[in-house]
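> For reference, the chains in residue letters:
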Amino acid sequence: MKKILFALLALSLIACTKVEPEKLPEPEAADYTGTVTVMFQGEPFDNEGINVNFTPSEDGKTAEITIYKIRFVPQMPVTIDVTIPKINLQSTSEGIILSCEEVIPLAMGGEYPRYKVTELKGKVAGKELTFSLNFGDYPTSFKGQAD
Amino acid sequence: MSANDTLLAPAYATAFKERVPLEKVASPVSVILPAEIKSESIIRQGRLSAMVPGLLIPDYGASLTSTIYLRGIGSRMENPSMGLYVDGIPIMDKNAYDFDWTGISFAALMRGPGATLYGRNSMSGTLVLQSRSPDGHNSLSASAEGGIAGTLRAGVSASIGRHVLSASVRHSAGWFENIYKGALCDPYDGLSFRWKWEQPASGKVQWSNNLSASISREGGFAYGLYENGVLHPVSYNGEGSYHRLSVIEGVHFSYKGDGLSLDGTGSLQWLSDDMRMDQDFTPQHIFTLQQAQNSGTATLELIARSENGNWQQASGAFSFYRRNQMHAPVTFGRAGIETLILDNANRNIPEDIGYLSIPDDELPIGSEFTINTVGVALFHESVITAGRWRLTAGLRLDYEGGAMAYDCLASLHYRFIPTMKADKAFDVPYRGNVVQTSGLQILPKISALVEAADGFFVFGTVSKGYRAGGFNTQIFSDILQSRTMNGLMKDLGVYLDTPTVSVLAENTRYKPETAWNYEAGLRLVRDGFRAEGSVYYMDVRNQQLTVFPPGKTIGRMMANAGHSRSLGAEAELDWHIGDFQLRASYAWCDARFVDYNDGNNDYSGNRVPYVPEHTAFVSAAWNCKIKNATLQASASARAYGPIFWDEAGRLSEPLHIRPEARLSLAFKKWEIWLRGENLTGAAGRNFYFKSVGREFFSRERPLNILLGISINL
Numbered sequence: 000m001k002k003i004l005f006a007l008l009a010l011s012l013i014a015c016t017k018v019e020p021e022k023l024p025e026p027e028a029a030d031y032t033g034t035v036t037v038m039f040q041g042e043p044f045d046n047e048g049i050n051v052n053f054t055p056s057e058d059g060k061t062a063e064i065t066i067y068k069i070r071f072v073p074q075m076p077v078t079i080d081v082t083i084p085k086i087n088l089q090s091t092s093e094g095i096i097l098s099c100e101e102v103i104p105l106a107m108g109g110e111y112p113r114y115k116v117t118e119l120k121g122k123v124a125g126k127e128l129t130f131s132l133n134f135g136d137y138p139t140s141f142k143g144q145a146d
Numbered sequence: 000m001s002a003n004d005t006l007l008a009p010a011y012a013t014a015f016k017e018r019v020p021l022e023k024v025a026s027p028v029s030v031i032l033p034a035e036i037k038s039e040s041i042i043r044q045g046r047l048s049a050m051v052p053g054l055l056i057p058d059y060g061a062s063l064t065s066t067i068y069l070r071g072i073g074s075r076m077e078n079p080s081m082g083l084y085v086d087g088i089p090i091m092d093k094n095a096y097d098f099d100w101t102g103i104s105f106a107a108l109m110r111g112p113g114a115t116l117y118g119r120n121s122m123s124g125t126l127v128l129q130s131r132s133p134d135g136h137n138s139l140s141a142s143a144e145g146g147i148a149g150t151l152r153a154g155v156s157a158s159i160g161r162h163v164l165s166a167s168v169r170h171s172a173g174w175f176e177n178i179y180k181g182a183l184c185d186p187y188d189g190l191s192f193r194w195k196w197e198q199p200a201s202g203k204v205q206w207s208n209n210l211s212a213s214i215s216r217e218g219g220f221a222y223g224l225y226e227n228g229v230l231h232p233v234s235y236n237g238e239g240s241y242h243r244l245s246v247i248e249g250v251h252f253s254y255k256g257d258g259l260s261l262d263g264t265g266s267l268q269w270l271s272d273d274m275r276m277d278q279d280f281t282p283q284h285i286f287t288l289q290q291a292q293n294s295g296t297a298t299l300e301l302i303a304r305s306e307n308g309n310w311q312q313a314s315g316a317f318s319f320y321r322r323n324q325m326h327a328p329v330t331f332g333r334a335g336i337e338t339l340i341l342d343n344a345n346r347n348i349p350e351d352i353g354y355l356s357i358p359d360d361e362l363p364i365g366s367e368f369t370i371n372t373v374g375v376a377l378f379h380e381s382v383i384t385a386g387r388w389r390l391t392a393g394l395r396l397d398y399e400g401g402a403m404a405y406d407c408l409a410s411l412h413y414r415f416i417p418t419m420k421a422d423k424a425f426d427v428p429y430r431g432n433v434v435q436t437s438g439l440q441i442l443p444k445i446s447a448l449v450e451a452a453d454g455f456f457v458f459g460t461v462s463k464g465y466r467a468g469g470f471n472t473q474i475f476s477d478i479l480q481s482r483t484m485n486g487l488m489k490d491l492g493v494y495l496d497t498p499t500v501s502v503l504a505e506n507t508r509y510k511p512e513t514a515w516n517y518e519a520g521l522r523l524v525r526d527g528f529r530a531e532g533s534v535y536y537m538d539v540r541n542q543q544l545t546v547f548p549p550g551k552t553i554g555r556m557m558a559n560a561g562h563s564r565s566l567g568a569e570a571e572l573d574w575h576i577g578d579f580q581l582r583a584s585y586a587w588c589d590a591r592f593v594d595y596n597d598g599n600n601d602y603s604g605n606r607v608p609y610v611p612e613h614t615a616f617v618s619a620a621w622n623c624k625i626k627n628a629t630l631q632a633s634a635s636a637r638a639y640g641p642i643f644w645d646e647a648g649r650l651s652e653p654l655h656i657r658p659e660a661r662l663s664l665a666f667k668k669w670e671i672w673l674r675g676e677n678l679t680g681a682a683g684r685n686f687y688f689k690s691v692g693r694e695f696f697s698r699e700r701p702l703n704i705l706l707g708i709s710i711n712l
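Quick mapping for you: the protein sequence lines, in order, are chains A and B.
End of the first sequence = 146 in numbering that gives the first Met the number 0, gap-free, step of one.
End of the second sequence = 712 in numbering that gives the first Met the number 0, gap-free, step of one.
Hints in this document: simulated from the structure, not taken from any laboratory.
Computed from a prediction, not measured in an experiment: that's the story for all the values here.
In this text, a Cβ means the ideal position worked out from N, Cα and C, and glycines have one as well.
Be aware that one or more of the hints could be misleading.
Stated by the list, open to error - Lysine to aspartate or glutamate pairs mimicking EDC-like chemistry, simulated, CA-CA at most 20 angstroms apart:
| id | chain 1 | residue 1 | chain 2 | residue 2 |
| --- | --- | --- | --- | --- |
| 1 | B | Lys420 | A | Glu110 |
| 2 | B | Lys667 | B | Asp578 |
| 3 | B | Lys689 | B | Asp601 |
| 4 | B | Lys37 | B | Glu670 |
| 5 | A | Lys85 | A | Asp58 |
| 6 | B | Lys423 | B | Asp359 |
| 7 | A | Lys115 | B | Glu350 |
| 8 | A | Lys115 | B | Asp134 |
| 9 | A | Lys68 | B | Asp359 |
| 10 | B | Lys489 | A | Asp80 |
| 11 | A | Lys68 | B | Asp496 |
| 12 | B | Lys423 | B | Asp360 |
| 13 | A | Lys68 | B | Asp490 |
| 14 | B | Lys420 | A | Asp30 |
| 15 | B | Lys689 | B | Glu306 |
| 16 | A | Lys68 | B | Glu350 |
| 17 | B | Lys489 | A | Asp30 |
| 18 | B | Lys423 | A | Asp80 |
| 19 | B | Lys689 | B | Glu659 |
| 20 | B | Lys255 | B | Glu337 |
| 21 | B | Lys489 | A | Asp58 |
| 22 | A | Lys122 | A | Glu63 |
| 23 | B | Lys423 | A | Glu110 |
| 24 | B | Lys23 | B | Glu450 |
| 25 | B | Lys423 | B | Asp496 |
To be verified - Covered by chain B, according to a simulated footprint, are these stretches of chain A (three or more residues, beta-carbon under 8 angstroms):
| id | segment |
| --- | --- |
| 26 | 73-80 |
| 27 | 100-111 |
Take the sequences, apply the hints, and build the full model.
Now the structure itself:
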């Protein structure tokens, strides 16, 4: 009888305990500084101290990333700002997952199909932003910390 | 002309602030008397070149150019390095320096800094002019002269009671053809007027009034391309013109009491002008400049003088206020947009990225400036006479400040191809205020003169002068061009590895330039003979020069970047023997940079450009009485050079000689003459500059033969 009473008490305590659902991170606009690495002729070409702006849409489902003053190859005599729009966002317990299969980036006042973005994958976790993608034929990655 | 005519006659003494005979002034002075103004046809200040030792005022550009070189110091832009006084009134605007000498009867140029008494800009010297004064009698004189190139000058001067009225007109069809337009590019039409009223010199107080006005419309800027050692004819498509209205009203009063005298001079000066210039001077529409200004100045000076035995002293105060509103737009034409802007931008953008396009036919860069300048000064000079010695000590405290409001705007449309599908309007405003103060300028002077023998003087002077600071408005087009380019690229999100340097408005300020002068000289005055010789050393600090921004190879800004020194000797001779007259002058000047690095090159040790190493002048005249007429034959020659045109000493001009001759027949009331200028027709070069990487020269005017007549009633 004691065992039955103890079991009922335990069940009632369990039933009374509120189970909190797991809280997922919400995307927030932020500026990051880090290194962009472009694979050029099989060799990594690092752009250090690059500023990246991450701006989510109002509904938090997509975002655009702007990479400031990037140089794709060492011989490039200019740096340019490139914006990658329509990046899908998915909040997970590990952070915000970024993905985009294919999109035309924006640069120099309009769409810039020459450096079409493919296979973008990335994550915002805490103060860190990481992503990788292909800019045209150039595999590119970024890793940076929020300012 | 008598011997004493070559010295300062008492009637001219009021033109000077010094109250001693000029022969006893402890600095070299060149005096031009009325007869010489007439015989040497000095109708503008440029005719004094070489006649005054070391002076060169090349005749190029237009009337606003007024570039004056003396003792290794000169100024192509902004403030002049030589002071100019007319009837005791300081001319405050450099654009008004070059005017027709209508009614001017006397000139003297005191060389070396005269800042203690004459103030700002009297650094290399001070030119003092005095107009004809009424003598209480009624008289009328008129003259006319015509020559080659449609040259016509006519003037009339009337003395009516206490008034003198003078007026003149000058016309020239022009000398140099712009072959692109098939027309002469430098015609001139001008009208000048001068009115002087003087109260009779009786009683303790005397008043006088001077009003002068001139209006002119002229072409100019006869600049030809210099390429591979060949100077091409003038050939450009843009407008080259200068219109000017100048009005100067001055009032002078003097009070003479027992042992004390007061002099007060006030003036209002107005200048309204409009310059249009094709800045590239090529048949292409690259860029043009307009510079129109409305400038008003008020000056006031009070001087108290006293004499106590062997001590003469003068103490005074001077103040001025100047307001200058300037409209100075630069317009880039299609060729300029392509060569100066698009080519520079696209050169650095890889072809596979794309290219920048500006579809506009013109790119206007509007620039409006309002500059207010205020100056105040206190000064004192004491002269102690001890036997044959005259010792002078003076000090001036000068303070000047200015503020400039600038309002600039560049407007264009652009498109980056292939990424942009349509043109985008883009404005680059640049507005703000900058303030410039000169700080307190302390300008001392010490001099000594001894009359070692009768009519033989030995003198020495140490003095300091300065040229006012200010704002370099001409560089704003460079600033806007740079800001437009950089702003446009930033708007695009494209960044050049070597961006166009954009200096700031603060970089357009420059401080005063100062010069210490150390001088010693001799002067001999005898009947019919006057000779003067001097040597000097001038140390010029904070020289106002154009430099590149630190560490950059492009972009320009004005800075007090130079230190130069001038070492020289000057001599002058005036000799009258019976009917024969001889005037000669010579100067040698070695002007070099002690320290000048423009950011790209170090020019230390090189000669200061535009400064002639030698100037020489000789004039001989012979008068012959023929019954009731006088025949005068005279011949003269001016020479100056060699002149280095650039800081590097790469280009130079050899010594020029310009011979002139004059033959006149004078009767009691009228005179006719025939004269010639530049008799050899030598086409020497008198100005050099670079624009858009190209080199240009202007030439001296060729031979002119003139026939004239004058009547005196």
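> Hint by hint, say whether it matches the structure.
Status of each hint after checking the structure:
{"no.": "1", "hint": "B:Lys420 <-> A:Glu110", "result": "holds, 9 angstroms"}
{"no.": "2", "hint": "B:Lys667 <-> B:Asp578", "result": "holds, 18 angstroms"}
{"no.": "3", "hint": "B:Lys689 <-> B:Asp601", "result": "holds, 19 angstroms"}
{"no.": "4", "hint": "B:Lys37 <-> B:Glu670", "result": "holds, 12 angstroms"}
{"no.": "5", "hint": "A:Lys85 <-> A:Asp58", "result": "holds, 13 angstroms"}
{"no.": "6", "hint": "B:Lys423 <-> B:Asp359", "result": "holds, 11 angstroms"}
{"no.": "7", "hint": "A:Lys115 <-> B:Glu350", "result": "holds, 18 angstroms"}
{"no.": "8", "hint": "A:Lys115 <-> B:Asp134", "result": "violated, 92 angstroms"}
{"no.": "9", "hint": "A:Lys68 <-> B:Asp359", "result": "violated, 28 angstroms"}
{"no.": "10", "hint": "B:Lys489 <-> A:Asp80", "result": "holds, 9 angstroms"}
{"no.": "11", "hint": "A:Lys68 <-> B:Asp496", "result": "holds, 11 angstroms"}
{"no.": "12", "hint": "B:Lys423 <-> B:Asp360", "result": "holds, 15 angstroms"}
{"no.": "13", "hint": "A:Lys68 <-> B:Asp490", "result": "holds, 13 angstroms"}
{"no.": "14", "hint": "B:Lys420 <-> A:Asp30", "result": "violated, 29 angstroms"}
{"no.": "15", "hint": "B:Lys689 <-> B:Glu306", "result": "violated, 55 angstroms"}
{"no.": "16", "hint": "A:Lys68 <-> B:Glu350", "result": "holds, 18 angstroms"}
{"no.": "17", "hint": "B:Lys489 <-> A:Asp30", "result": "holds, 19 angstroms"}
{"no.": "18", "hint": "B:Lys423 <-> A:Asp80", "result": "holds, 18 angstroms"}
{"no.": "19", "hint": "B:Lys689 <-> B:Glu659", "result": "violated, 32 angstroms"}
{"no.": "20", "hint": "B:Lys255 <-> B:Glu337", "result": "violated, 69 angstroms"}
{"no.": "21", "hint": "B:Lys489 <-> A:Asp58", "result": "violated, 30 angstroms"}
{"no.": "22", "hint": "A:Lys122 <-> A:Glu63", "result": "holds, 13 angstroms"}
{"no.": "23", "hint": "B:Lys423 <-> A:Glu110", "result": "holds, 15 angstroms"}
{"no.": "24", "hint": "B:Lys23 <-> B:Glu450", "result": "holds, 8 angstroms"}
{"no.": "25", "hint": "B:Lys423 <-> B:Asp496", "result": "violated, 24 angstroms"}
{"no.": "26", "hint": "73-80", "result": "holds (count 6)"}
{"no.": "27", "hint": "100-111", "result": "holds (count 6)"}
Consistency with the previously given hints fails for numbers 8, 9, 14, 15, 19, 20, 21, 25, ordered from lowest to highest.
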